[in-house]
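Chemist: So the sequence lines, in the order shown, correspond to chains A and B. Take this note's numbering: the last position of the first sequence gets the number 1307, and nothing is skipped along the way. Take this note's numbering: the last position of the second sequence gets the number 1307, and nothing is skipped along the way.
Hints were generated in silico from the structure; no laboratory data involved. Any given hint could turn out to be false.
Just so you know, same-sequence chains aren't split out, so a pair can sit in one copy or run between any two.
[Stated by the list, open to error] Distance condition first, Cα-Cα at most 30 angstroms in a straight line; then the derived BS3-like pairs of lysine-lysine:
| hint | residue 1 | residue 2 |
| --- | --- | --- |
| 1 | K897 | K1306 |
| 2 | K1036 | K1306 |
| 3 | K995 | K1306 |
| 4 | K987 | K1306 |
| 5 | K915 | K1138 |
| 6 | K915 | K1306 |
| 7 | K943 | K991 |
| 8 | K897 | K1148 |
| 9 | K1138 | K1036 |
| 10 | K897 | K1150 |
| 11 | K897 | K1138 |
| 12 | K968 | K1150 |
| 13 | K1174 | K1155 |
| 14 | K1150 | K943 |
| 15 | K915 | K943 |
| 16 | K1155 | K968 |
| 17 | K1174 | K987 |
| 18 | K915 | K991 |
| 19 | K1150 | K1306 |
All figures in this text were calculated on a predicted structure; none of them were measured in a lab.
Protein chains: 2
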Amino acid sequence: MKQLNRDFVEESVLLASTLKWILLSSFAGIVAGGTTSLFLNLLSYGIKITSSWSSYYLFLPFALFISSWLVIKFAPEAEGHGTEKVIESVHKRNGKINLKVIPIKTLATIITLSFGGSAGKEGPSAQIGAGTASFFANLLKLNQDDYRRFVICGISAGFAGVFGTPIAGAIFAAEVLYVGRFSYRVLLPALFASYISFFINRYFGISHFRYSIDVGSQNDFHMFIYMVVFGIVVGIVALFFIKTLTFFENLFKEKVQIYKPLKGFIGGIILIFVVWVTKSTDYLGLGTDVIDRAIHGDELTGLSFLGKIFTTSITLSTGGSGGILTPVFFIGSTLGNVWAQLVGGNIAMYSGIGMVALLAASANTPLAAITMSMELFGVQTATYASIASVVSYLIVGHHSVYPSQILTFSKT
Amino acid sequence: MKQLNRDFVEESVLLASTLKWILLSSFAGIVAGGTTSLFLNLLSYGIKITSSWSSYYLFLPFALFISSWLVIKFAPEAEGHGTEKVIESVHKRNGKINLKVIPIKTLATIITLSFGGSAGKEGPSAQIGAGTASFFANLLKLNQDDYRRFVICGISAGFAGVFGTPIAGAIFAAEVLYVGRFSYRVLLPALFASYISFFINRYFGISHFRYSIDVGSQNDFHMFIYMVVFGIVVGIVALFFIKTLTFFENLFKEKVQIYKPLKGFIGGIILIFVVWVTKSTDYLGLGTDVIDRAIHGDELTGLSFLGKIFTTSITLSTGGSGGILTPVFFIGSTLGNVWAQLVGGNIAMYSGIGMVALLAASANTPLAAITMSMELFGVQTATYASIASVVSYLIVGHHSVYPSQILTFSKT
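Isolated chain A (complex conformation) (with noise of 0.2 angstroms):
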């Protein structure tokens, strides 16, 4: 009898706290989502606008300017990549996030992308969702531990609304805090956040890309040796990323010292230069018309993953705003394009292989990546990116595109 009273009381407590947080969650989904989507929707304008002007990227030394600006005057916390500053908040300041960033990203954000700077969108949205979410957690009074797992929400919130991947987005959100460990706690808040957020942001007309991949005979026994070989080759870039953003990171901010804005005038003058020199904008901007080609199937020519690096790195070290998802995205599906015509592979395939591997390795989150391959690309296409996935995760090692990341446990 007194087990059965025990069992009751211990099951209504599961479930008062279960129920709170499908509320809390939905809510922060709401909030975050209506925030994101409000992003989106404003970003895509502006695209639109300088987009209709074959020369809007003669502009980006003011864009860079304005945008490094921006941030430095109004919201320094917010500088840096989004979902980065956001792991750095939960981490270090209990996930409390300035109500300031919010407006400022977004206009630092549209002025980056609109006129070139390569970077993405994803990590601006987790920062703003996040923002919004701490900008309420405080309202509701929430304790420590609460105002963490709300916070995070924004995290989810920001990556389904951009991506449309809701499964993927939860599983982000839980697993990019720490290397090597999974935050079981956030796991249903994220989801529901995650869901609510995708739902607000197709409403609001923001659209997602679905590939249908055709990956011929399924549990082809070589395409498992294939896809070792790729996730071996996929890590090894990743690393390459990691370690050129590393080092324009500290070259600008170390070795060049001058007025902070100037720095991003600079680095909008080396993105028109490449431009001229590859006589191509496609390193520029968010590249998503890119990804669309290479898991489309189309053959890519030259090493277009090795130019986004390169403008990515000078974007985002030189005081540009924008996230660091999209830029992965398109350097794994054009590395994997690249590399399926060099063995003779199927280049749709290879390629959105690529974009989740790479989404592995270089934010250690193989889980998200494996999912987002289903969600995206369907089971099959999955069945060979876990492979590519969990080995471009080992390769990489102890390095990330976040390094407010905590490492819990070593690769070897």
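Add chain B to chain A, keeping to what the hints say.
Modeler: Okay, now just chain B, sitting in the frame of chain A:
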């Protein structure tokens, strides 16, 4: 230059360790997949023979007597359901498993299941796979840490061999050892062993279920609320199952002090009595035909899930040999089936989701459940299954069908 050198050394170590584990785990997949496919083929042969007889279940008292006697006499450490024993061995004996477990568990399980004992085949598969791995780990003189990882490959090999879901098999193995901790260190080994075992089992004629569920309009918002409610129901039923199982285990362990195999005899008589009362053999054996009917969308009548909870608890607590996940899938899918009829929902969909959500709750493996729903039913069903799975996982609280799981966090 120094930095470059250091990077090169670190990369070489990572590459060597990754390749080492690809080879080791492929080898584990070959040996574990080999023994499990032999076991599964013998089992299906056994079931084929007995099922040609309409009153095969009348031998149950003798079958459970012999199963129990075999295990007690020759491999007492193999008592109980399989995966649980592997978890215990990993936590308490660094993964060491006696070689005798393999033939004894094979024989005892075939006798139990062929004559109608209610249990699963994935547990013994995992145990047989892990036992084989342990044998070779001894031969290879692996160090303690490698030994454990190598044995864990047996769990994923067993799971993937039985259910044909390699990614879920790997995630299950990395997730099932602890409540609330994901073992990233075993992800790559588990994944390779999983795939290799899946191929080997396919090659040796083991067939796997694949269902196609039409969920109708995806992303219907109402469905989210329905899924929360259903997740709560599944969580409570999981709790009831775990409590019932524990109740009978304690009853037959502590209150009934007789020669152990005689308990099996009594268990067999109770099961015959169930057939006599219900006028059905549906609650006996593996019950995969009932799972098939449930997920196919047939309207099952009665409270099958209660019957199966009872017969499984009796079988496993009186000394029958077998696993627990196939019963979990039976209970979950028939619960979903009945629930769908009650609330007027899509019967096939609720049955499929009930199956994986009960897995999430009773084994504390929400990620494996979500992945499994993707692999078996596709991404559309997984959309809803993920919600029901994380809710049921929280609602079940700190209970598990695997008492050896180590609890690492509080769910409230």
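Chemist: For each hint, tell me whether it holds in the structure or not.
Modeler: Structure-based check of each hint:
no., hint, in the structure
1, K897 - K1306, "between (47 angstroms within a copy, 22 angstroms between copies)"
2, K1036 - K1306, "between (39 angstroms within a copy, 21 angstroms between copies)"
3, K995 - K1306, "neither (39 angstroms within a copy, 34 angstroms between copies)"
4, K987 - K1306, "both (25 angstroms within a copy, 24 angstroms between copies)"
5, K915 - K1138, "between (43 angstroms within a copy, 26 angstroms between copies)"
6, K915 - K1306, "between (37 angstroms within a copy, 13 angstroms between copies)"
7, K943 - K991, "neither (34 angstroms within a copy, 63 angstroms between copies)"
8, K897 - K1148, "between (64 angstroms within a copy, 22 angstroms between copies)"
9, K1138 - K1036, "neither (41 angstroms within a copy, 38 angstroms between copies)"
10, K897 - K1150, "between (70 angstroms within a copy, 20 angstroms between copies)"
11, K897 - K1138, "between (61 angstroms within a copy, 15 angstroms between copies)"
12, K968 - K1150, "within (22 angstroms within a copy, 75 angstroms between copies)"
13, K1174 - K1155, "within (29 angstroms within a copy, 82 angstroms between copies)"
14, K1150 - K943, "neither (37 angstroms within a copy, 77 angstroms between copies)"
15, K915 - K943, "neither (41 angstroms within a copy, 51 angstroms between copies)"
16, K1155 - K968, "within (11 angstroms within a copy, 78 angstroms between copies)"
17, K1174 - K987, "neither (44 angstroms within a copy, 64 angstroms between copies)"
18, K915 - K991, "within (21 angstroms within a copy, 43 angstroms between copies)"
19, K1150 - K1306, "neither (33 angstroms within a copy, 49 angstroms between copies)"
Hint compliance for this structure: hints 3, 7, 9, 14, 15, 17 and 19 are not met, and every other hint is.
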